[in-house]
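> Read off the chains here:
2 protein chains.
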Amino acid sequence: MGEERIGIGLIGLGTVGTGVVQILQSASSAMRRKDCAFEVVRVAVRDASIKRQVQLADGAIGTDPAAVIHDDNVQVVVELTGAAPAYGWIKEALSAGKDVVTANKAVIAEHGDELFALAQDKGGDLLFEAAVAGGIPIIRSLRSGLVANRVESLYGILNGTTNYMMTRMTRGEGDYDEILAEAQAKGYAEPDPTMDVSGMDAAQKLAILGRIAFHATGTGSDLFCEGIENIQSSDIEAARELGYTIKLLAIAKHTADGKVEARVHPAMVPSESLLANIHDEFNAIEIVGSAVGNQVFYGAGAGQMPTASAVVSDLVELAQRRNTGATTAIGDMVLDDEAAPFADIEDSIIRYFLRMRVADRPGVLAQITQLLATDEISIASVIQKERDLEGGTVQLIIVTHEARERSMRKAVAAIDALDFTEGATRLIRMEDL
Amino acid sequence: MGEERIGIGLIGLGTVGTGVVQILQSASSAMRRKDCAFEVVRVAVRDASIKRQVQLADGAIGTDPAAVIHDDNVQVVVELTGAAPAYGWIKEALSAGKDVVTANKAVIAEHGDELFALAQDKGGDLLFEAAVAGGIPIIRSLRSGLVANRVESLYGILNGTTNYMMTRMTRGEGDYDEILAEAQAKGYAEPDPTMDVSGMDAAQKLAILGRIAFHATGTGSDLFCEGIENIQSSDIEAARELGYTIKLLAIAKHTADGKVEARVHPAMVPSESLLANIHDEFNAIEIVGSAVGNQVFYGAGAGQMPTASAVVSDLVELAQRRNTGATTAIGDMVLDDEAAPFADIEDSIIRYFLRMRVADRPGVLAQITQLLATDEISIASVIQKERDLEGGTVQLIIVTHEARERSMRKAVAAIDALDFTEGATRLIRMEDL
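In order, the protein sequence lines correspond to chains A and B.
For what it's worth, my numbering labels the leading residue of the first sequence as 1321, then goes sequentially.
For what it's worth, my numbering labels the leading residue of the second sequence as 1321, then goes sequentially.
Next comes chain A alone, as it looks inside the complex (with noise of 0.2 Å):
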């Protein structure tokens, strides 16, 4: 058990980074019980003339990722800054024989096993608890907790924004574009905010989960992705009616052809499961492990020590290896021959919510139910809201029994093609948990 110090070179020092240095500067009585002494040795930031809010040896902040990289004095570096050059950082440090822990999700995403293997090879390793649901440790949970465990299925609100602004909606305080723009001026929301209400944050989320909990192959653009842009106060409203509430899910469960149905995209869930009661900014993970039955984590999924929490926590795993002398331990991230790929969204099998506006008139019902039927779509129950009284149109809600996605797709299309349908079918995923 050695009290060597280990050297932090950190890209990046914005808000996570900041955080990383406090709580290392501070260390936990826990830290301290298992021998671990951090010292950051250099740091590369944009612009080293800000004064920051962490006090570094002279010398120690400057503006080239390479020179911290290529310190000999770097065991780890740590890259926090979410810009697109972070692969090249990282590869060019794994080359070196650093070992890396990153938050940044979309590196772990898009190019997974580029790296994975890159640092299997050189014998260094690469973690990134924080690239998930902030400080909840999911990965480890995953990688080590429930490693006994075949995952069965997987169901995860794991983007704080979108949760933020739908449990607003569901509170009734105002439509979407008004919520965003409120998110966007507390600073809950990027100014742009496509990669969160597009979903495709979830999505790169789930690509990295399901490496780890289905041995998947494929990154946040080979799975299928629905945001939240087109919710509705609404849609939320009718859901409430029906009992269920409007979450933007990550789902990945088995197919029974050895492929990985993964997907992202707002969806009803029951209003008293669990999963419908995390509210505000909060993430949550349940999962069905063979052995383990249901488990649930939740926590914060975002925000600068949460995150720093779980950047830190990597170190720690770093430095414990060290003091006992170990190798490092990814052989579980490099994907083998047995690797499954996602499988296609319209292989699916699905309850549906459907909500259209049709002409008020005799044999309307009769003709939508049997274009359902045609696709071999059951009917669950249907409701026929107010009548519309200046357009003479009715709103229609149908609520259907499991059906396949290619065939409810073909349905609605045909469904909209009607002479007597006004505007495009709302469609809304349901998952009963």
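Read the hints as simulated data drawn from the structure, not as lab findings.
Small disclaimer: the values here were computed from a predicted structure and weren't measured.
Just so you know, even glycine gets a beta-carbon here, dropped at the ideal spot from N, CA and C.
Certain hints may be false.
[To be verified] FRET-style restraints, in silico, Cβ to Cβ:
1. B/Glu1666 / A/Ser1346: 31 to 39 Å
2. B/Arg1470 / A/Gly1334: 20 to 28 Å
3. A/Gln1504 / B/Gln1687: 40 to 48 Å
4. B/Glu1324 / A/Leu1562: 53 to 61 Å
5. A/Glu1324 / B/Ser1610: 23 to 31 Å
6. A/Glu1549 / B/Arg1491: 36 to 44 Å
7. A/Ser1346 / B/Asp1600: 36 to 44 Å
8. A/Gln1504 / B/His1721: 35 to 43 Å
9. A/Gln1504 / B/Glu1666: 47 to 55 Å
[Claimed, not checked] Output of the computed footprint for chain A on chain B, the stretches with three or more beta carbons under 8 Å from beta carbons of chain A:
10. 1339 to 1349
11. 1616 to 1624
[What the hints assert, rightly or not] Computed list of chain B residues with no C-beta within reach of chain A, every gap over 10 Å:
12. Ala1357
13. Ala1368
14. Ile1381
15. Gly1382
16. Arg1491
17. Lys1506
18. Met1520
19. Glu1561
20. Val1612
21. Gly1645
22. Glu1696
23. Glu1710
With chain A held as given, fit chain B onto it using these hints.
Chain B in isolation, oriented as in the chain A frame:
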């Protein structure tokens, strides 16, 4: 990375032991990707003539634990008896230089000081993920994932049997005695249910979590423990009217004077809180960490496969250490000079629900409130319930603001000594989470 098989010696082949063998024999793909291979070399059971549900090598099953411990092909001793001599077997195995994995919370809670020190001294390890909250990886998460945090507080539902009973009582499915009898008939409660219903099982688990999360020294007997034996359906009903649900909670937090407040007792928690909604035999642990904020872990707290899953996760960790050439890493489990003792419950500051039956005559409420005021107990609300026509008494419910337990005990003793109070005052602590 090795493909060396690790020799497992099993003491106990009951429900959990059988589950462990099954998981090891049908290793998950995640285990295989970690290059973990195990062989159950030798097993000790009480009665070797019983037919087992798992297939083991000829002659592997005997009745002598010492033969398991001292078998040269056994590297890891897995103790799963829950029996009294387990302490001696674990000690003997560690002394013999073996790594030990156990699900035995009593041994860890009562003899942790000695056993962790012994393991460290011998360069072995003692892992016990299964001892608390079954399949939930809470030990790992506290020791590793949340290592960067000072844990500020911990609230847990740690005993499945009592949570199952409280859930059924809350649903109005019977009184304490009926529900207990049914739970025993179904095998959810032991023939002698004392450990569960007295809260001692939860107290032992809390002592273990207290060691990890608060660096607290002390056994289950050193912390305050009150069971659910006296909870009546009328308490649950009164709680419901106030918007609360009664749960058997395990609570730990820091005190201002450097001790650790740790207590197990029935507590009223807000009915909309997450912990109030942990039903049936499930466990949950809510932690507030200095960096991560609120975090909740939820899952099955007992049962064959969840417990076996936790045992195997420990085995995989040991295998991975061997594969990577690491020495043991038990330092954080050994208490040092900074270890904090449990505080006296009488110093705790808590909110209280009081229910008493008093004579229906003028001045009664004035005297009771005066007694509370004398002990500086401030009242939040008073509800006078229905009059008992025959006895001429009324039920009085008082909810207090935060008060010191010592003052509350004094006040309740004084109230119970009044000549117009009938029977003892019911006192239930309240936690607003």
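> All the hints need checking, so say for each whether the structure fits it.
Checked hints:
1. Under the hint 31 to 39 Å, the C-beta atoms of B/Glu1666 and A/Ser1346, about 33 Å apart, fit the expected range.
2. At about 24 Å, the beta-carbon gap between B/Arg1470 and A/Gly1334 stays in the expected band of 20 to 28 Å.
3. A hinted range of 40 to 48 Å for the beta carbons of A/Gln1504 and B/Gln1687 is inconsistent with their spacing of about 60 Å.
4. The beta-carbon spacing between B/Glu1324 and A/Leu1562, approximately 56 Å, falls within the hinted interval of 53 to 61 Å.
5. For A/Glu1324 paired with B/Ser1610, a C-beta distance near 26 Å keeps the hint of 23 to 31 Å intact.
6. In this structure, A/Glu1549 and B/Arg1491 meet the distance hint of 36 to 44 Å, their C-beta atoms being roughly 41 Å apart.
7. The given range of 36 to 44 Å is respected by A/Ser1346 and B/Asp1600, whose C-beta atoms sit roughly 41 Å from each other.
8. Evaluation of the 35 to 43 Å hint for A/Gln1504 and B/His1721 yields a pass: the beta carbon distance comes to about 41 Å.
9. Range check, A/Gln1504 to B/Glu1666: about 52 Å between beta-carbon atoms, so the 47 to 55 Å window is met.
10. Residues of the segment 1339 to 1349 of chain B lying with their CB closer than 8 Å to a CB of chain A number 4, which satisfies the three-residue condition for coverage.
11. Remark: the segment 1616 to 1624 of chain B is confirmed as covered by chain A, as 6 of its residues place a Cβ nearer than 8 Å to a Cβ of that chain, reaching the required three.
12. Separation of B/Ala1357 from chain A is adequate, the least Cβ-Cβ distance of about 13 Å exceeding the 10 Å criterion.
13. No beta-carbon of chain A comes within 10 Å of the beta-carbon of B/Ala1368; the shortest separation is about 27 Å.
14. The beta carbon of B/Ile1381 sits about 23 Å from the closest Cβ of chain A, which is more than 10 Å, so the claim that it is off the interface holds.
15. Against the 10 Å criterion, B/Gly1382 stays outside the reach of chain A, whose nearest CB is about 26 Å from its own CB.
16. The claim that B/Arg1491 lies off the interface holds: its Cβ sits roughly 14 Å from the closest Cβ of chain A, which is beyond the 10 Å cut-off.
17. Chain A leaves B/Lys1506 outside its interface by the beta-carbon criterion, the shortest separation being 18 Å against a cut-off of 10 Å.
18. With a minimum CB-CB distance of about 25 Å to chain A, B/Met1520 clears the 10 Å threshold, and the non-interface call stands.
19. With a cut of 10 Å on Cβ distances, B/Glu1561 stays outside the contact zone with chain A, its closest approach being about 21 Å.
20. With a least beta-carbon separation of about 3 Å from chain A, B/Val1612 fails to lie farther than 10 Å from that chain, contradicting its non-interface assignment.
21. Distance check for B/Gly1645 against chain A: the nearest CB is about 6 Å away, which does not clear 10 Å, and the non-interface claim fails.
22. Against chain A, the non-interface label of B/Glu1696 holds: every CB pair exceeds 10 Å, the least being about 34 Å.
23. Non-interface status of B/Glu1710 relative to chain A is upheld: no Cβ of that chain comes within 10 Å, the nearest being about 42 Å off.
Checked against the numbered hints given earlier, this structure breaks hints 3, 20 and 21; the rest are met.
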